[in-house]
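Trainee: Okay, here's what each chain looks like letter by letter:
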Amino acid sequence: MPSGQFLVENIGYVIAAPFLAGMLIILGLWRSKTTAMVLSIGSITFGFLYSIFLFYAITQEPKLVPWQFNVNWLATSDFHLSMGLLVDNLAAVMLLVVTTVSLLVQIYSHGYMRDDPGYSRFYAYLSLFTGSMLGLVVATNLFETYFFWELVGVCSYFLIGFWWNKALAAEAALKAFFVNRIGDCGFLIGILLLLAATKDVWGSHVLLGYFDPNGFDLGGVIQKAHAAGLLPAGLLTLAACFTLLGPMAKSAQFPLHVWLPDAMEGPTPISALIHAATMVAAGVYLVARAYPIWLTPDGHTGSVGLVVITVIGAITAFMAATIALSQFDIKRILAWSTVSQLGYMFVGLGTGAFSGGIFHLFNHAFFKAMLFLCSGAVIHGLHGEQDIRKMGGLKKYMPITAYCCLIGTLSISGCPGFSGFFSKDDIISSACHYNIWLGALMIFTAFLTAFYMFRLYFMTFENEYRGDAHPHESPPVVWLPLVVLAFPSVLSGYLGFNWESLNFTSSYGLRFDGSEAAPLANQFAAFIYDGKTPHFEGMNGLVMLISTTAAALGFALAWKVYKTHTVHVNTDIATSKQPLIAFLYDFSFNKWKFDELYLWLVNKVFLPAFDFVWQLIDIHIVDKFVNLTGTATMAIGTLMRLIQNGRGQYYAMVIFAWVAGLTIVAYLLSP
Amino acid sequence: MSSKHDSHDSKHESADHIIDEKSFQDKALSALAVLSLLALLILGFYWQSLPLPAVQIHEEAEK
Numbered sequence: 010m011p012s013g014q015f016l017v018e019n020i021g022y023v024i025a026a027p028f029l030a031g032m033l034i035i036l037g038l039w040r041s042k043t044t045a046m047v048l049s050i051g052s053i054t055f056g057f058l059y060s061i062f063l064f065y066a067i068t069q070e071p072k073l074v075p076w077q078f079n080v081n082w083l084a085t086s087d088f089h090l091s092m093g094l095l096v097d098n099l100a101a102v103m104l105l106v107v108t109t110v111s112l113l114v115q116i117y118s119h120g121y122m123r124d125d126p127g128y129s130r131f132y133a134y135l136s137l138f139t140g141s142m143l144g145l146v147v148a149t150n151l152f153e154t155y156f157f158w159e160l161v162g163v164c165s166y167f168l169i170g171f172w173w174n175k176a177l178a179a180e181a182a183l184k185a186f187f188v189n190r191i192g193d194c195g196f197l198i199g200i201l202l203l204l205a206a207t208k209d210v211w212g213s214h215v216l217l218g219y220f221d222p223n224g225f226d227l228g229g230v231i232q233k234a235h236a237a238g239l240l241p242a243g244l245l246t247l248a249a250c251f252t253l254l255g256p257m258a259k260s261a262q263f264p265l266h267v268w269l270p271d272a273m274e275g276p277t278p279i280s281a282l283i284h285a286a287t288m289v290a291a292g293v294y295l296v297a298r299a300y301p302i303w304l305t306p307d308g309h310t311g312s313v314g315l316v317v318i319t320v321i322g323a324i325t326a327f328m329a330a331t332i333a334l335s336q337f338d339i340k341r342i343l344a345w346s347t348v349s350q351l352g353y354m355f356v357g358l359g360t361g362a363f364s365g366g367i368f369h370l371f372n373h374a375f376f377k378a379m380l381f382l383c384s385g386a387v388i389h390g391l392h393g394e395q396d397i398r399k400m401g402g403l404k405k406y407m408p409i410t411a412y413c414c415l416i417g418t419l420s421i422s423g424c425p426g427f428s429g430f431f432s433k434d435d436i437i438s439s440a441c442h443y444n445i446w447l448g449a450l451m452i453f454t455a456f457l458t459a460f461y462m463f464r465l466y467f468m469t470f471e472n473e474y475r476g477d478a479h480p481h482e483s484p485p486v487v488w489l490p491l492v493v494l495a496f497p498s499v500l501s502g503y504l505g506f507n508w509e510s511l512n513f514t515s516s517y518g519l520r521f522d523g524s525e526a527a528p529l530a531n532q533f534a535a536f537i538y539d540g541k542t543p544h545f546e547g548m549n550g551l552v553m554l555i556s557t558t559a560a561a562l563g564f565a566l567a568w569k570v571y572k573t574h575t576v577h578v579n580t581d582i583a584t585s586k587q588p589l590i591a592f593l594y595d596f597s598f599n600k601w602k603f604d605e606l607y608l609w610l611v612n613k614v615f616l617p618a619f620d621f622v623w624q625l626i627d628i629h630i631v632d633k634f635v636n637l638t639g640t641a642t643m644a645i646g647t648l649m650r651l652i653q654n655g656r657g658q659y660y661a662m663v664i665f666a667w668v669a670g671l672t673i674v675a676y677l678l679s680p
Numbered sequence: 080m081s082s083k084h085d086s087h088d089s090k091h092e093s094a095d096h097i098i099d100e101k102s103f104q105d106k107a108l109s110a111l112a113v114l115s116l117l118a119l120l121i122l123g124f125y126w127q128s129l130p131l132p133a134v135q136i137h138e139e140a141e142k
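Protein chains in written order, with the numbering used here: chain P, 10 to 680; chain Y, 80 to 142.
Treat the hints as calculated values from the structure; they're not laboratory data. Honestly, I wouldn't trust all of these hints.
Facing chain Y, according to a computed beta carbon distance under 10 angstroms, are these residues of chain P, among others [said to hold, decoys possible]:
(1) P484
(2) L494
(3) N612
(4) V614
The structure presented is a predicted model; accordingly, all values stated were derived computationally and were not measured. C-beta atoms are modelled at their ideal positions from N, C-alpha and C, and glycine is treated no differently.
Same shape as in the complex, but just chain P (with noise of 0.2 angstroms):
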């Protein structure tokens, strides 16, 4: 086996391998679908046993991270932009959620879009993609993370719109490339404005770097800019808003989460990779990442970036459970789902549960994966179908897939054992320490997952079956990644607890209070806890108690309505004669009437806008200019005209005046 060094130090192979993959399958190699099929997932595989022994390597001698390596990009007389590879402990833990998913996702689209004619350019784009994630993961400063960020975000345009030639899938990739693009570019204010309030600090370090040995990191010049009254708090609040921007649309946060749902638009595999695990994820990853953007200069909580987190997750997390609650499509339910967990991550990031967000993108990242996956296995069963109206008892004719549903239902619900219930607690505990009301909203929340998810469950699998196609199960290369992703839907959730710890008599079983060395909780927050970080283990038997109870009731609530009752129960709703409850449904099933308002913004205020801004500068300002400009110069043209006649008569007599004049002046002048 390779040293550690050699691993860690090698590690751009693992970003480059996927990308040569992708460039060779474009260029030539799409002729032969096996060859690309091959190259694709044997670059992924690669990957995927790197991180695998890095990991490795990491634990043995973690003396060797953090490590970096960066080049020269962009030289300016003011300031140059470094490109480079990051390793620590944060990258290591993605870089393992990334190639592992994308690795089973990669091998689930051999069996799904086995007869699809666009077989070849289905696994250039997702090599491509997997490349520019990669990169994402191991970008060493702020310039390199928006590089890779647009790269991951060209990709998801793609694949969105993979079958274009279908209407909806052309006009949602469009929409989340203009929401995406929205937020990017407050993105890149964010960036600038931190730029050119620090950039006399930075020196010769790394621009905007996440780790400099020196100090000369992000939150070592925010300090020391501060210090030096470059960069005042208000400042750094509004570069912190700005930069958030780019974060909300990525991860589909309220009010850029529009085009989340319509993404599953695209091919199941894209939306389980992609819209689920790892690029909707780069958004809580970037606020991980660069960290010290939204605390207060001196490196502490209780700024006001971290509130505008929590207070964004948190309306996100409560708005999209309550619009998945109404929906019919499988996908989008999971779709408003993964908006609402990364609600959830949002908030564990924002009240300073840096771990627990952090834990939670892990243990979504499988369980969600898997979900999608289980919901490509039904739609392929069912020859299309993507209606759970339609659907029922499918538990008979796919029990490997409704088992691995099931096993993601109750890990997404927080059922006690399952990996989602350990993040998730972590999240609310944290939550319920930051302010009691936003942990009920949390509370509330898990109540609502459990029921829209075990809603779905019941509509899909149990039952009798309502459609008219003839269900089967999928071959085992599409339900073994399932299986495969089955296993940490249940089991990763134990690496972010320890027994050992809980202690259900404190107000707050797992806090540190900070006043003597203690062991980690757990293992996962061992490993990505860096020293620095504001770090928050809240893990609360009382509070763990209640947001069981919560997701009990919710799953006993679904049982009741949609075991026993079906599908009726919905038109009885949307039909009910109480005003509030019909309105209630209606704007739950109408997503709030975000597309709506939207719309009504796009052509009652910003086209009317756009129009004004038009006239005023474009036809009363320049096109004026211009007409005036024309109209002096053909003015002048006139004018010539006369002098310049092309007689030679007049010019004689012209010159003859002028002759003439110039010798009386002479004359009259002279003594």
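Knowing the structure of chain P, use the given hints to seat chain Y on it.
Mentor: Chain Y alone, transformed into the frame defined by chain P:
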């Protein structure tokens, strides 16, 4: 007649060849999925077995 038979046989062989190749690919990828599960399980149990380091944690008092 004979040439028709030959043509039919060759098509049949070609189809068999494609099915064999697909079957082989499916089996290989299934085996890869199982191996990845094994790798993940080993990694998970290894991670869980690591000793917990004693690290000073400073919980933020500010909100």
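Trainee: Please name the hints from earlier in the document that this structure breaks, with their numbers sorted from lowest to highest.
Mentor: Of the numbered hints, 3, 4 do not hold.
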